[in-house]
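Read top to bottom, the protein sequences are chains L and Y.
The numbering of the first sequence is the numbering used here, which starts it at 1 and goes up by one.
The numbering of the second sequence is the numbering used here, which starts it at 113 and goes up by one.
For the record, the hints were derived by calculation from the structure and aren't laboratory data.
Below, a list of computed lysine-lysine pairs in the DSS-like style, where the Cα atoms sit at most 25 Å apart:
(1) LYS183/Y / LYS169/Y
(2) LYS3/L / LYS169/Y
(3) LYS130/Y / LYS181/Y
(4) LYS63/L / LYS107/L
(5) LYS183/Y / LYS99/L
(6) LYS181/Y / LYS99/L
(7) LYS99/L / LYS177/Y
Far from chain Y by the CB rule (all over 12 Å, computed), these chain L residues:
(8) GLU15
(9) ARG61
(10) ASP67
(11) THR69
(12) GLN72
(13) ALA83
Glycine included, C-beta positions come from ideal geometry on N, C-alpha and C.
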Amino acid sequence: SQKIEQNSEALNIQEGKTATLTCNYTNYSPAYLQWYRQDPGRGPVFLLLIRENEKEKRKERLKVTFDTTLKQSLFHITASQPADSATYLCAPIRYNFNKFYFGSGTKLNVKP
Amino acid sequence: EAQVTQNPRYLITVTGKKLTVTCSQNMNHEYMSWYRQDPGLGLRQIYYSMNVEVTDKGDVPEGYKVSRKEKRNFPLILESPSPNQTSLYFCASSSGTSGRTNEQFFGPGTRLTVL
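With the sequences and hints as input, model every part of the structure.
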């Protein structure tokens, strides 16, 4: 069965630094990969979608990479701010497959 | 305002007492989905619907039912709730019939406790 791994340990970084979160998947080849942000007790909020033929996608301070050989996506937040503190979820999605599977998320703490 | 609404937001009930959690979206989205979120297990899909009268099982459908009689509504039904269904539930919707390439909009969540 497909397996999605995100670092379960919280990532603690200093304000202004770049945060890098990892999403690894095994046993399947996704055609798309979505990243979401979730604040405590609230629903996830969509951030970015990257397709398998896109190596990199950017949106403001966010950057996502998609390495289909390594079966990995990296999510970067540059110039991080305390307001970026949240849990970040990835969802690798198979082509022509309507079910969604999410990673368990990585909690990011940005300290002032 | 474009949104997904869920009701109730909080519910405490007892084993075996049927309940329904409503979900409604005002964005004319085709794709709707229910998830449950548990500590350590992450977000797991229960059921999804690609359009009116089209529903299918997600990863953890046991003990749940859904229906999609109207485009905007996608209720989640627990016919005989059990304590292992205590969880935080989210409804989501997306344009397109698959949600694969479009963002999912999530509701605020329903915290359910089954005693």
